[in-house]
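Chains as they are written, first to last, in numbering that gives the first Met the number 0: chain H, 0 to 367; chain B, 0 to 309; chain F, 0 to 372.
By construction, these hints were calculated from the structure, which means they are not laboratory data. Heads up, some of the hints might be wrong.
[Claimed, not checked] With a cut-off of at most 25 angstroms between alpha-carbon atoms, the simulated SDA-like pairs for lysine to any residue come out as follows:
hint: 1; chain 1: H; residue 1: Lys262; chain 2: B; residue 2: Lys17
hint: 2; chain 1: B; residue 1: Lys17; chain 2: H; residue 2: Glu247
hint: 3; chain 1: B; residue 1: Lys136; chain 2: H; residue 2: Val45
[What the hints assert, rightly or not] Taking beta-carbon pairs under 8 angstroms as the criterion, some of the chain B residues facing chain H (in silico):
hint: 4; residue: Asp16
hint: 5; residue: Ser23
hint: 6; residue: Ala26
hint: 7; residue: Phe40
hint: 8; residue: Met42
hint: 9; residue: Pro132
hint: 10; residue: Pro189
hint: 11; residue: Leu191
hint: 12; residue: Met209
hint: 13; residue: Met235
hint: 14; residue: Val283
hint: 15; residue: Phe285
[Said to hold, decoys possible] Stretches of chain B that chain H covers, calculated by requiring three or more beta carbons in the stretch to come under 8 angstroms of a beta carbon on chain H:
hint: 16; region: 172 to 185
hint: 17; region: 246 to 254
hint: 18; region: 262 to 270
The beta-carbon is built from N, C-alpha and C at its ideal position, and this holds for glycine as well.
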Amino acid sequence: MAANQTLQRRQSQLTRGRLPSYAIWVVVAASLILGAAISSLVGFSVVGWAIITAIVFVLAATIVTAVAEGERKAKDKLVTFLVYGAFLIALIPLVSVLWTVLERGVPGLSYNFLFTSMNGVTGAVDNQAVEGGTPVLGGAYHAVLGTLQITLWATLISVPIGLLTAVYLVEYGAGKNLTKAITFFVDVMTGIPSIVAGLFAAALFTLLFGPGTRTGFVAAVALSVLMIPVVVRSTEEMLKIVPNELREAAYALGVRKWRTITKVVIPTAISGIASGVTLSIARVIGETAPILVTAGFASSINWNVFSGWMSTLPTFIYYQILTPTSPTSPDPSTQRAWAAALLLILMVMLLNLVARFVAQIFAPKTSR
Amino acid sequence: MSINSLKASTDRGRAGDKIFSGVSLAAGVLILAVLFSVAVFLMVQAAPILSADPAEVTGGEGFAAYILPIVIGTVVAAAIALIIATPVGIAVALFISHYAPRRLARAFGYVIDLLAAIPSVIYGAWGYIILAPQLAKGYAWLAENLGWIPLFAGPASQTGKTMFTAGVVLAVMVIPIITSLSREIFLQTPNLHEEAALAMGATRWEMVRMAVLPFARPGIISATMLGLGRALGETMAVALVLSPGALGASLIRTGNQTIAAEIALNFPEAFGLRLNELIAAGLVLFVITLIVNMIARFIITRHKEFSGAN
Amino acid sequence: MKALRFGRAAAVISVAALALTACGSDNATGDTPAAEGAASSAAGVAVSGTLTGIGASSQNSAMEAWKAGFESMNQDAMVQYSPDGSGAGRKAFLSGGAQFAGSDAYLKDDEMTQAMEVCGPDGALNIPAYISPIAIAFNLGDVTELNLDAPTIAKIFTKAITTWNDPAIADQNEGVELPDTPITVVHRSDESGTTENFVDYLSAAAPEVWTYEVDGAWPADLQSENAKGTSGVVQTVTSTDGAITYADASAVGDLGKAKVKVGEEYTEISSDAAAKAVEVATPVEGRPELDMSLELERDTTESGAYPVVLVSYHVYCTTYDSQETVDLVKAFGSYVISEDGQAEAEASAGNAPLSATLSEKAQMAIDSIKVAS
Chain H
0 MAANQTLQRR QSQLTRGRLP SYAIWVVVAA SLILGAAISS LVGFSVVGWA IITAIVFVLA
60 ATIVTAVAEG ERKAKDKLVT FLVYGAFLIA LIPLVSVLWT VLERGVPGLS YNFLFTSMNG
120 VTGAVDNQAV EGGTPVLGGA YHAVLGTLQI TLWATLISVP IGLLTAVYLV EYGAGKNLTK
180 AITFFVDVMT GIPSIVAGLF AAALFTLLFG PGTRTGFVAA VALSVLMIPV VVRSTEEMLK
240 IVPNELREAA YALGVRKWRT ITKVVIPTAI SGIASGVTLS IARVIGETAP ILVTAGFASS
300 INWNVFSGWM STLPTFIYYQ ILTPTSPTSP DPSTQRAWAA ALLLILMVML LNLVARFVAQ
360 IFAPKTSR
Chain B
0 MSINSLKAST DRGRAGDKIF SGVSLAAGVL ILAVLFSVAV FLMVQAAPIL SADPAEVTGG
60 EGFAAYILPI VIGTVVAAAI ALIIATPVGI AVALFISHYA PRRLARAFGY VIDLLAAIPS
120 VIYGAWGYII LAPQLAKGYA WLAENLGWIP LFAGPASQTG KTMFTAGVVL AVMVIPIITS
180 LSREIFLQTP NLHEEAALAM GATRWEMVRM AVLPFARPGI ISATMLGLGR ALGETMAVAL
240 VLSPGALGAS LIRTGNQTIA AEIALNFPEA FGLRLNELIA AGLVLFVITL IVNMIARFII
300 TRHKEFSGAN
Chain F
0 MKALRFGRAA AVISVAALAL TACGSDNATG DTPAAEGAAS SAAGVAVSGT LTGIGASSQN
60 SAMEAWKAGF ESMNQDAMVQ YSPDGSGAGR KAFLSGGAQF AGSDAYLKDD EMTQAMEVCG
120 PDGALNIPAY ISPIAIAFNL GDVTELNLDA PTIAKIFTKA ITTWNDPAIA DQNEGVELPD
180 TPITVVHRSD ESGTTENFVD YLSAAAPEVW TYEVDGAWPA DLQSENAKGT SGVVQTVTST
240 DGAITYADAS AVGDLGKAKV KVGEEYTEIS SDAAAKAVEV ATPVEGRPEL DMSLELERDT
300 TESGAYPVVL VSYHVYCTTY DSQETVDLVK AFGSYVISED GQAEAEASAG NAPLSATLSE
360 KAQMAIDSIK VAS
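All chains, please: the whole structure from these sequences, using the hints.
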């Protein structure tokens with residue numbers, strides 16, 4: 000009796016021609032079996048099984064839907080599967096990277112690591128740690144400070160310049176030759192290899208302040224060269240998609256153009272701009288090569304970006320991996336490198352949160 | 000409010016307008032100036048290579064013979080990366096913006112943004128410690144079964160440190176960039192367009208195809224170009240993952256090299272002419288990016304009608 | 000409401016930032032600073048200031064040790080060293096960007112001429128500071144020792160010998176059970192002093208087999224598996240059965256190491272054997288009397304010498320502008336080549352110490368550094 004009722008409900012006008020919800024599980028089961036069968040023919044492996052099953056499933060489900068519900072529904076299903084599939088595929092390496100960093104980084108995150116520098120830590124100290132089983136000494140405190148300071152200065156330089164340039168491109172300069180030139184050259188700037196940006200900044204400061212000028216600020220300038228195009232490019236896209244109706248409504252109320260831009264256009268796009276800025280910081284915070292030639296390499300704490308050498312987390316990681324403090328027992332160095340990598344990711348995470356938060360404050364209330 | 004005060008506020012407004020437009024113009028010009036000086040710097044540093052004796056250039060056959068293989072290598076690596084990353088990146092962005100449950104979507108978006116920030120050294124280390132040995136098994140299979148295709152000609156690399164691995168690592172690095180920007184743009188699609196499409200009885204895919212994608216096309220291209228910029232200019236990850244060598248068609252054998260990695264590997268010990276040579280290679284990379292971007296801009300301007308602010 | 004929320008977040012963030020930045024320490028090892036008395040007695044004069052060096056990454060580990068040792072004896076002095084690479088170091092030194100360079104090769108003649116511009120008419124001094132034997136390391140299961148002569152090594156690296164049980168190897172290693180594993184040659188992908196010294200050895204000791212140019216980059220015609228940096232090649236060899244490479248002895252860990260044929264016997268790699276090879280080296284011709292650029296005799300037949308060795312130099316100016324800098328350079332330079340300094344470096348980096356005779360000569364050279372007139 001109950002079965003009869005469900006049957007009748009399914010026959011109702013709105014759901015006619017749709018597959019019952021259990022159909023998808025039938026297809027899953029069938030594909031699993033078929034996948035196992037085919038993969039055992041070519042030599043069984045779990046990976047092969049998963050891949051073949053996925054392919055069989057997508058094909059079968061699409062065909063079944065096509066037969067039962069029509070071609071348009073089938074296309075929709077196919078794309079849905081592909082989108083989900085792409086997401087899963089993208090997750091595999093990304094999760095693997097994160098897992099690798101977590102697995103190898105967490106053991107190194109000690110109090111020592113977070114709050115001391117590498118000052119005075121030599122290979123002998125590391126050898127002792129390995130042989131005597133004592134805790135690994137030395138940390139990344141100086142590198143954390145360096146990263147924060149250099150990135151902060153790079154952001155202070157690039158964000159205003161990048162933001163204003165994007166405003167000019169979208170709001171003031173539309174159609175002008177200068178706009179075309181700037182857009183074009185900003186694109187070209189995205190292709191500057193990072194080491195070239197570093198060399199350029201080093202050469203510039205050598206010209207201005209004499210040879211061997213290496214400070215955190217030089218590094219910040221080098222990073223700005225890399226950062227500006229990302230800021231401009233992403234901000235420009237975000238400003239462009241602010242609907243013209245909003246601008247026109249503001250003008251119609253007699254609001255000045257600059258007020259319209261600062262109060263209407265930028266707030267509307269702020270979430271995207273914040274994303275873009277975060278992305279640009281993310282792009283440069285992990286740079287190694289330009290830092291090496293501009294800020295040198297320090298193992299002790301330096302609070303002054305305008306004088307003295309500095310380390311950042313990426314250069315710290317780089318040298319800990321490539322030239323371990325103790326070549327005979329590189330494990331402590333490797334441990335420090337992974338812990339530093341984890342720390343860097345955590346820092347970016349925090350920064351990301353802040354950016355989102357700021358964006359939320361300024362963003363207008365929307366339906367989304 | 001008297002008439003006078005209204006006038007005063009307008010005057011102030013006008014000044015504000017002038018200052019604001021002036022400052023933004025100045026920012027734009029500053030960028031041009033910086034880029035110009037970078038270009039001058041590169042050219043001055045690269046110039047000696049043009050007049051150099053071909054025999055003294057690495058390889059002994061002149062700069063063109065030196066640079067051509069690594070130009071091809073660069074393009075191939077970036078192409079592999081983009082072929083993988085663009086569809087996946089866009090699909091992931093779509094998943095986050097239009098497919099995933101709203102609450103999960105925010106979390107996913109957050110994680111993806113985060114991944115854009117992992118330093119390239121880490122991707123490189125992950126590439127050669129974790130990924131390469133995994134792919135090496137696949138390469139052995141490819142060489143055995145599909146070896147007659149030049150792309151998969153054996154003998155496969157034992158360590159898996161090949162061009163294809165480098166391409167995959169680059170793709171993993173580029174996906175977050177493409178996803179992050181595309182997602183923002185997908186989310187900005189006018190609600191009315193989407194709802195109109197759904198009201199007409201469109202399926203979700205038809206809605207995406209007819210309302211979201213056309214709106215987002217220039218943005219997607221921009222995002223892809225930014226990703227490409229990273230793929231072309233990436234040094235450390237490629238330097239760690241690839242086992243470089245002479246140019247070859249096979250993607251699963253040791254060999255090939257990219258410009259950025261060539262610079263990174265040889266710069267520390269470079270001296271004299273070799274240094275000029277590497278900077279000239281940097282200039283060439285610059286030109287490649289320029290050409291690719293020109294093509295992208297050309298495509299975008301052809302689809303300009305969908306942009307909001309024109 | 001918004002302002003309140005923002006204020007709260009700002010407070011949290013700034014507190015977190017303060018917490019993070021306030022309690023960092025430069026005292027990583029927990030040592031108490033050395034007593035003042037020790038400072039002045041060790042260096043003779045109290046020195047202060049910052050000494051900047053740029054150069055070879057091979058010296059990095061030893062340099063960390065020298066830095067730590069020197070700074071603990073001289074509280075007011077600081078040494079900073081950026082391991083950018085030998086080329087970058089020499090370039091910076093010659094343009095006045097660094098007070099000394101660390102380099103895996105001594106300055107070439109034209110560089111010596113260039114050095115006169117920054118260092119005055121007497122130019123620069125090349126002083127050997129870091130000696131590291133280069134191991135020929137392989138991964139071959141239970142086999143941890145092999146006897147190899149130079150032509151065989153050259154044939155392996157030119158891929159003329161492709162399996163481990165090749166008669167050329169087997170003849171030199173009676174009683175060792177060699178598998179038929181194919182040989183995977185692993186070399187450095189970056190330009191390096193290690194490659195240059197290894198190739199220099201091959202071309203001097205096996206000139207008939209090794210006909211390639213001596214250069215910091217591996218010959219392009221011989222491309223094989225490769226990796227970046229010493230740690231990269233060691234990692235690759237460790238994970239690949241049947242692989243062989245050349246790398247600084249301190250970094251090869253548990254890999255098998257070849258004994259190299261010198262004269263009639265096979266010499267095991269060791270610090271002493273490396274130091275001996277450097278001792279029998281001849282000074283480069285046409286250099287100032289005190290300069291210590293060394294021409295290593297790779298084909299030496301001296302018993303007990305291990306000729307596959309990397310000598311890394313410190314390059315100083317003969318004159319500096321101020322007395323303060325001169326004192327600082329002299330104090331640091333003397334410490335590096337002193338018995339203490341070399342022992343510190345050995346404990347950290349696992350390199351070979353300078354012999355007493357070399358150290359004495361180096362001290363004479365450093366004593367000659369003076370203020371520009």
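Hint numbers contradicted by this structure: Checked against the structure, the hints that fail are numbers 8, 9, 11, 12, 14, 17, while the rest are satisfied.
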